[in-house]
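Taking the hints as your guide, dock the two standalone chains into a single complex.
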Amino acid sequence: MDLKHNGFPVPSDYFGVLWALSGIKDLLILEHGSTGTCNYNAFNYMIMNRQSPKGKLFSSGMDEDDVVMGRDVKIKEAIVELDHKYYPKMIALVATGVTSVIGLDLQGIIEEIQPTINARMLPFPSGGFAGDYTIGIREVFGTLARDIAEDCTKKVRSNDAPSWTKPCTVNIIGPTIDSFNIISDLAELERMLGLMGIRVNTVFTCNTDVDAIKNMACASLNLVTRDIGLEAAAILKERFGTPYYYGLPFGVKGSIDWMKDIASILGISLDKGMVRAELEKYGFSILELVNFLQNIDHLRAAISCPFDYSSGLAEMMRDEWGVNPSLIVLPASPIGPQRLNREANFGLGKDVRLLIEPDSWTLQDAISSMNPHIVYGNSYDLQISRNVPIRIHAAFPAFDHIYRYDGTPFVGLRGHAYLTQTIVNLLNQNPEVFRN
Amino acid sequence: MSIENKCLRLSELPDDGSLAATAHAKYPGQHCSFRAVAGTVPLIKNSYALLFGPAICLYNAKLSMNMRSLTSDPRPNNLLFVNYSQDDIIFGFQEKVREAIHQADQEYHPEVLFLITSCLQEIVGEDFDACIDEIRPSVKAKLLTIHTENFTCEGATPGVENMFKSLFELMKEQPQEERTANILGMWTSTARKTELARLLGSKGIRIKNVIPSYCTPSELEAAPRAQLNIVLDQYGLPLARMMKERFGTDYVYSRKPYQPDSIEEWYQEVAAALNIDLSAEVADLKKKTEALQEKARAALSGMTCVVFGTSGRPFDLAHLLANIGVEPKAMLLQTILPEDWPDIKSLLNAGVDPIVFQGDNSLQNEELLEELSPDISIGAFERSSLARMGIRPVVLLTSNYLIGFESTLEVLRLLMERTPGIEALIYKEKILASGEC
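Going down the list, the protein sequences come from chains A and B. The first sequence maps to residues 57 to 492 in our numbering. The second sequence maps to residues 182 to 618 in our numbering.
Rather than coming from a laboratory, the hints here were simulated on the basis of the structure.
Once the Cα atoms are required to be at most 20 Å apart in a straight line, the calculated PhoX-like pairs of lysine-lysine come out as:
{"no.": "1", "chain 1": "B", "residue 1": "K346", "chain 2": "B", "residue 2": "K323"}
{"no.": "2", "chain 1": "B", "residue 1": "K321", "chain 2": "B", "residue 2": "K226"}
{"no.": "3", "chain 1": "A", "residue 1": "K222", "chain 2": "A", "residue 2": "K293"}
{"no.": "4", "chain 1": "A", "residue 1": "K141", "chain 2": "B", "residue 2": "K187"}
{"no.": "5", "chain 1": "B", "residue 1": "K187", "chain 2": "A", "residue 2": "K130"}
{"no.": "6", "chain 1": "A", "residue 1": "K145", "chain 2": "A", "residue 2": "K132"}
On a predicted model such as this, the values are computed, not experimentally measured, just so you know.
Next up, chain B with everything else stripped away, as it sits in the complex (with noise of 0.2 Å):
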């Protein structure tokens, strides 16, 4: 039996966006805030990072790295690692954790170090920020401790937007500077040659922080000199807040936006924000936008697709995806945020109504799969079963690292190419499912 029984419509999706379990036994599940944790501060510039945990996270967090390190985004080793032991639990952490403060100061000599907790150190209970606290004093460089307890919450979110409230810790009081802008939840090195950056330079808006891609943290420390905070994620809108609530800075928070008409609303309000006027060159963006838009409907109507995660406003993807004549049959989420409500009625009234659910069993989600029997498959899904299927699998990894039209252009560029290998691995994997050739 597939989960279809157990997925929701989105027009049926209760007030609070709770979606249910739809397995028990889980696999993959979803990842925790220790390795998001762990991927993000090395970027951080002149900074290093003491994870303390059992080898099964540490292990894991090493090969993430080692495996990012081989790809077009790799983040710098800036990890090191602290095995608790069964002698640690019971006897306690806190000599290890000072003997192991002390030698990465001494060996390494970070601006900053972040101490990096996980589960087994929020369960035994220990006082770790008491014990930093005692540390501090005796070490050059300036502690930031993360904690990312996994099991408190079923995502990564609390620990990364920890990850982002420990930057704080380095900010301090600035006179503001007219004409200049953060960027908060932009994760590339490539932030500053984005089409925002573009748009906001050509008005003489200068970027002062992509926060947390490869600043330095006298760069953080200078963060709040900026005019405005431009939010482009969930995650940065803790430190967002605080950051107002400090030292005034205005901020602006939208997830990315998908559709023409959501980028031209979320580019007018970043001008109003900043004062400044972008309509001449966000038409001319939404001109161009608009007709590829037109390429992709003529060359994709008609098909169907089912969405496995994305960055930025997933129901404003489903819209875009809706306008191009792709109809979304499913989406996986992991969990609705409040914001996410304008995009799900806009949705709802444009006739779409796609199933919702979380992919708690990936076995499962390819059932449903088979069953709803789509064109594409959007998001990182198994080439091989996909194939199988006939399914042609469209990953928007190279967008994600791009915001505003040229985010969408890339979008629709990805859908309308042919992911390189997939006829020869669909011409096996068919004859591997069938038997004949």
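Okay, chain A solo, but in the shape it has when bound (with noise of 0.2 Å):
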């Protein structure tokens, strides 16, 4: 049994459902279970970038009576006070283990009270016993994407135009509260879709609104950036026909190669002069950075984060960097159609160990076994790697590490330099690196 000394316990969907609905500016959470596991919050949502549920999430308050007795008045009095008081166009009821384990009919809940109340109530119902948070995220997405998104091709508007569907604009389906990195490679994300002439309708979920949701439909294409999008791409494809891309850009290649699949699929063409202009800007090798005393191709390294941020990363570092990442840590399976693919996905020959959800001490023993120069992962991964000269903070949780500037990007053609810049910098502060 893992008993968690040295690493943490995962979290459960409960924190996936309050994560992905906290992205939504207009819609409240409320939670039924006793405020202890409100309050405890505040702290979770406080490593992830200093966040704060004020105003986002509240609680019923529950106490014995209510679990004892089943009672359910709490709830009620909550959503009609949240519901006069600040008008949110919807109110999610989530549940905690608690009221999970008793048995409450939230469901049953709103359907008694939802005449009586303006806002649109969802219920989710879990409890934090169906799995990880990945699971919380995508029932939060899949939802949305199913009961929430609106056929725009059957609005009309105003000046009685055929249809809302926009041109050249785009859904981002994958980035809630707790991505890592979130701001910078958001920002990287719209800048070079940008550069395109193509416009990010919203969000799914961060910075977003109910209404913006409701109008997924309007883009004429979905990006995928996350595998826990995938789902709800698909639900958006089937529903309204939308295509949709998956893939988040890492290296030069890879954001050349995104931007130029996206363009493809929207049938327009990358300006040549752009993409000169950016790869002057932003293009530089790590080969123009080192001096030819610099040895890298030694280097050992390890990567430690989410599916999409490992696979980018760890093709970036060999392709361009000439660094083939001898660890590759995942903290789940990848979910949806490309199904784990050593070759395919890591480029991962027989000498590379690559491990999905590992124990602690496992975890412990692969890092100390192989030795190496640089760790990427999160706060726990580079507690444990004490004695890595390099080590960067890419994966959450990262208790001890603020992103919330948005010139730091991981992704895009900016990633690329920023990270080129930023490993060579790292190098020249741990000389040793180059020697052994």
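Next up, the structure:
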């Protein structure tokens, strides 16, 4: 049994539900549980870039009588209060572990109270027992894509134009408030799309709102940046015929390919002058930043990040820096049609180790036995890698790292420039890595 | 509509001290026993703690400790986690509990292994204690169970009291040692360097244990040797009562006082119980504190404040504030204890009658602040919101680790000092709020 002394208990689907809903501005979350659970959440939001659930998350303040008698008065009073005081467009009722165990029927409460409430209500009854947080995020994505997104082709504009569908408009599906480095990465994705003349309709679900989600079908393409967004994209495709493209651009080649693929799907041509200007500014190779005596091809690197980050970083390091990561750690198996393929996803040879959901001891042993020069990972990975000279925060949870400034992307052309410059600076700060 | 009409004036407080809820939808609400206990048991040396609960509680417990590790008051990493799944709820926890205890015992070799339950354990209703009794003979560590069901109460008190009471199980009958004392209810590694410890030390009184701060199990075993328990918070009181009943250990109880007169009175009570004379030392310290109080009055008189939670005697702190001319307009309180009444009466007699309220919804608290528009906010409140309203935040955290006159000196210092960075934050928030620069 992994008692998680040096690791962390994996957050459950309950957290995924909270995080996926928290990026929707005019939606409030009411959880049915004791206030202790809600109070505790102030901490877990704090470790995600010092965010706060204030004004977003509320508790019904369940007490012993509610548990013993299965009483639902408090949650109904809380719903009415939120509806009348803050006028949200939606209220999500979220179960906690206790609600789930006593089997309170959230859907039944909604059916009873919805006629008297202005906000649309949505139930999320799993209560943390369905699996890890990715399942909660997928549950929210699926619910919103299935039940909230509307068919824009049937809408009529005030000027009687036939449809709301907007050409060269995309939704970005995948980022939620827990996504590592989300501010910089989103800024870079939006910048690159802007260079191509493409507008972002909404980000599902970061800095979005209920209307933007309702109008998702207005976009001509869905860009999925995280495997947990694939199901929602498939639902939107099935319901509205919106095509989707899955990928996160890492490195120069990955970024140019990403732009070319999107341009091709949308039937637009890439401006060669723009591409040239971008490459001149951000496309500098690692070979242009190190000198002839600084060898880097012997460097051992470990990457411990979710699938999309791991595969992108591994490919960039291998193809553009000549550093082949020797250890890849995934916190969860990848989701979707592109099932895990060592060769396709990571270009891994037989001597490269791939760990999926390892326990704390396995991870600790793997890192100490390979003795890497570089580790990309979350705060816990970096804690157990204390002796590794170059340790780079690159995954959630990052309780000791802030990434609020929007100029430190990992993705896109600026991401390539930032990562390449950063790694060379860190190598120079630890010159012993050039020697052994 | 603000919550002002849902709040009481202090003079309107009912005899039972109960405060009406100000909101049905609560944020953040009171924190729970599980969190409080998980944050406390690392203070016991040579111990580990197994936390049994759903991932909701465990993940948050781990993060809280990690956040704490980045502060001036980190806690040792002794938490171990046992995640309850749906299957455990359906088929029972006992096998998992047994396995985890044996594993923790064999891998970490603790002297004491705390077993901390969560709401879930209590709701499912399996007989946890019987299960532990069965395991106990096969484990080297002493097993101490702490129940922390939060849904049965509105705060952390029962769980923290249970934590203190669990330590009683380690204690053994001892011959009493004259001129010794334990301090109960001080939560810091610096407890032995406090004014209280120094003053007692100067009179030959040795502090045996500061419970729960960094005692070993064997030190706790010998705790009944002390002549006196000095109890500084309500959580330690049940343990003091148990020690009095079983071992005859006398105790004096007072939460942290703030006014110089109150501190003097408290020291007199401690001194009398230990049969020592502290009057000269106390008089010196009191004089020094009163001098700073005068300085504070000169600097702050005429200002108003709102108090958001403090350690110690909240109404004695309010009285201190009133003494320096800072009017407490409102006080956020979770519970009013019977021992608060003398302070309440004294405050009312001084003509101070603040609004008292439960802070059920932080957004509403913000609205109340906006209406009351105090100069100072004392306690933990979001700094950007305060800056937007032009209210100066004062966090008394560093005074929480002190006791006696030194604590009040620190409070006065903090009140007179500008929080670093606050001017820049107010500048930014003002522009954001008004749209003008």
